[in-house]
Structure formats: C-alpha cells, structure tokens
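Work out the full structure: start from the sequences and follow the hints.
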Amino acid sequence: AQKVTQAQTEISVVEKEDVTLDCVYETRDTTYYLFWYKQPPSGELVFLIRRNSFDEQNEISGRYSWNFQKSTSSFNFTITASQVVDSAVYFCALSEAIGGADGLTFGKGTHLIIQP
Amino acid sequence: DTGVSQDPRHKITKRGQNVTFRCDPISEHNRLYWYRQTLGQGPEFLTYFQNEAQLEKSRLLSDRFSAERPKGSFSTLEIQRTEQGDSAMYLCASSSPLRLGDEQYFGPGTRLTVT
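Each protein sequence line maps, in turn, to chains A and B.
One point on numbering: in my numbering, the residue at position 77 of the first sequence is 77, and numbering is uninterrupted.
One point on numbering: in my numbering, the residue at position 70 of the second sequence is 70, and numbering is uninterrupted.
What the hints contain is simulated information worked out from the structure, not anything from laboratory work.
Some clues are possibly wrong.
Straight-line Cα separation of at most 27 Å, DSS-like style, residue types lysine-lysine; simulated pairs [claimed, not checked]:
1. A:Lys108 with B:Lys57
2. A:Lys38 with A:Lys70
3. B:Lys11 with B:Lys71
4. B:Lys57 with B:Lys11
5. A:Lys108 with A:Lys38
6. A:Lys108 with B:Lys11
7. B:Lys57 with A:Lys3
8. A:Lys3 with A:Lys108
9. A:Lys16 with A:Lys38
10. B:Lys71 with A:Lys38
11. B:Lys57 with B:Lys71
12. A:Lys108 with A:Lys16
Right, dumping it as structure tokens:
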C-alpha cells in the first residue's frame, strides 16, 4: 500500500530564512508520481509541482526548489528567503495508478509559519 | 479559463438529513475526483470518474455515500442519513486527459457541518 509521511507537523521560521519541508513516501510500484500542494488559510489547495518516478532531476522555480531522491524515497521541498505569504499548510502527495484512478495519497501536511 | 467550482461552499444540516454537493470541473478535464478532508489531515480520496464512468468507488466511506456524473460534465456527491462524523470539507478535483499521472486541480470545497 502507498503511504506518504510528513514528519514535521509545524515549522516556524523568521522571514527571509530558508526552510525545508520533508516528505518520505512508500510504494511498491516502479511508476509513480509525486506532488506538492499548498493550502493557504483561504483553504483552496494550490498545485505546486509534479514529478514522475523516472525523473530525478531537481527542480527550481523562483524561491522554490525540490529534491527528489529515489534511494531514500524522499521528495523534499525548500523555500529560499521565505516570506510571510508562504505561510500555509503544505502537502506532499503520491499517485501510483496510471491515469490517477486511485486518486492521490496525501501526507498529513506541514503547517509552515513565517513570522515577520 | 475558470477553475473547479463547488456548490454550496458551506452546508449546515441536522443529523439524519440527506445532503448533496455539486462540482463543476475545468471544462476540458475528463477526470473528476472527490476527496474528504478533516481538520488537521490531508485530503482522503473517495471516488473517481473518467467521463461519466465511475472507475473507483471502493473508497467511499460507507453505503450512505454515493456520487454521480451523468453526462460526463458536473458531478454530485450525496450523503444520506448524515452523521456528526460526516462533518468535514469535501473537495472536488479534476485533471486533464492529456498525459498520465497528471496533476489534479482542486475546487474551494464544501464545508459540511452536521449538528
């Protein structure tokens, strides 16, 4: 069975600090997809990134970067120079089935608090 | 291009009543998903449609839950004989048919409170 673990329940940092959110996953499939979503206080889940299991290349998008390591089954998310607007709950998610027929399996989320 | 919409945004009902929620996906998306999110947890997958076909429904929480997508466009989720434990946020998402394992785009959710 697939599982996603986000061990950090809550992280609080001061603005401009860098912060890394951890995600560890379990799956028996060789083909799978990993995602990060942001849920701000307004409540709507916002898609951030998608990664397939064959692409271990790290990705950077502005202040956001993602480190995917199959050897440790991890897909960590780093925010550089954090801002107050980054405050939200961040979810890591996994999809095994081709076409997503099994839906996404989410972790419990990490509540990120950026203090001014 | 409008996003996923859900209606109503909030629903308060008394225990034992039936409720129905509606989801309108992004127009070109043929895949539609329902999730439930309780406080402090990640969304929990409930069911999945590809066009009008419900391809996965074993995750529906009980036989009181049912979903339809009659014409392959909007979908409804019905909960019969609601219980206090059904209080949660119900989320709908849709995804494109263009590639496998595509990202899902979520609506704002319907918050259900059962009193």
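Open item on the list: What's the verdict on B:Lys57 and B:Lys11, does the C-alpha distance respect the 27 Å limit or exceed it?
Closed with: holds (23 Å)
Open item on the list: Check whether the Cα positions of A:Lys108 and A:Lys16 lie no farther apart than 27 Å.
Closed with: With a Cα-Cα distance of about 25 Å, the restraint between A:Lys108 and A:Lys16 holds, given a limit of 27 Å.
Open item on the list: What's the verdict on A:Lys3 and A:Lys108, does the C-alpha distance respect the 27 Å limit or exceed it?
Closed with: Holds, because 11 Å separates the two Cα atoms, which is no more than 27 Å.
Task: Hint consistency between B:Lys57 and B:Lys71 [alpha-carbon to alpha-carbon, up to 27 Å] - done: holds (18 Å)
Open item on the list: Would the hint linking B:Lys11 and B:Lys71 be met if the CA-CA limit is 27 Å?
Closed with: holds (25 Å)
Open item on the list: Run the distance test for A:Lys108 versus B:Lys57: straight-line Cα separation, threshold 27 Å.
Closed with: Between A:Lys108 and B:Lys57 the Cα gap is close to 22 Å, so the pair holds against 27 Å.
Open item on the list: Hinted pair, alpha-carbon criterion (27 Å max): A:Lys108, A:Lys38. Please report holds or violated.
Closed with: holds (12 Å)
Open item on the list: Tell me if the straight-line CA distance from A:Lys108 to B:Lys11 falls inside 27 Å.
Closed with: holds (25 Å)
Open item on the list: Does A:Lys3 sit within 27 Å of B:Lys57, going by the straight-line distance between their CA atoms?
Closed with: holds (19 Å)
Open item on the list: Would the hint linking A:Lys38 and A:Lys70 be met if the CA-CA limit is 27 Å?
Closed with: Holds, at roughly 23 Å.
Open item on the list: Just to be careful, I want the Cα atoms of A:Lys16 and A:Lys38 compared with a cutoff of 27 Å; is the pair within it?
Closed with: holds (19 Å)
TODO: Please work out if B:Lys71 and A:Lys38 have their alpha carbons no farther apart than 27 Å.
DONE: Violated, at roughly 31 Å.
In terms of the numbered hints stated before, the structure departs from hint 10 and from no other.
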